[in-house]
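Visitor: Go ahead and model the full structure; you've got the sequences and the hints to work with.
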Amino acid sequence: MTASRVGRIALTLTATAALGAAAMTGAAATGATRSFTATPGDRLAYSVARLSAPAGRVTLRMTNRDDIAHDIAVRGKKLAKPKRGRIVGTGKVSTVTVTLPAGTYTFYCTVFGHESSGMRGTLKVRA
Numbered sequence: 087m088t089a090s091r092v093g094r095i096a097l098t099l100t101a102t103a104a105l106g107a108a109a110m111t112g113a114a115a116t117g118a119t120r121s122f123t124a125t126p127g128d129r130l131a132y133s134v135a136r137l138s139a140p141a142g143r144v145t146l147r148m149t150n151r152d153d154i155a156h157d158i159a160v161r162g163k164k165l166a167k168p169k170r171g172r173i174v175g176t177g178k179v180s181t182v183t184v185t186l187p188a189g190t191y192t193f194y195c196t197v198f199g200h201e202s203s204g205m206r207g208t209l210k211v212r213a
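Numbering of the sequence shown is given in the numbering used here, commencing with residue 87 and proceeding in unit increments.
It should be emphasised that the hints constitute simulated quantities derived from the structure, not laboratory data.
Be aware that one or more of the hints could be misleading.
[Said to hold, decoys possible] Here are the simulated DSS-like cross-link-like pairs (lysine-lysine), alpha carbons at most 27 Å apart as the crow flies:
1. 178 <-> 167
2. 163 <-> 210
3. 167 <-> 210
4. 210 <-> 164
5. 210 <-> 169
Remember, predicted model here, so these are calculated numbers, not experimental data.
Guide: Written out as structure tokens, the structure reads:
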């Protein structure tokens, strides 16, 4: 990869945790949305290395503004198997949605060599 290669990847984290009381009363669930953009550079990386979200349904949405294919995936000890979005090209969106209990997870690109080159981060899910 040369220094002239510029990667632009936008990552949006949407987290919605349905609280027990909210579910029982019909009240609106709580959650958070955070948007991130990549810093141009010559290495494979998301614009963030650390994310946090409340426990519950979590959606990671990665918009690929790079000239090569990428995706977004999540793995962790509390998941039976990793969950992944589609591998997408320039201008397309890869989305993965998973219900997560409190714990620490890894989000990463599954395209060969991308994670080992730095395209990964930590997702902390709090109770």
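Visitor: Looking back at the numbered hints, which does the structure fail to meet, lowest number first?
Guide: none
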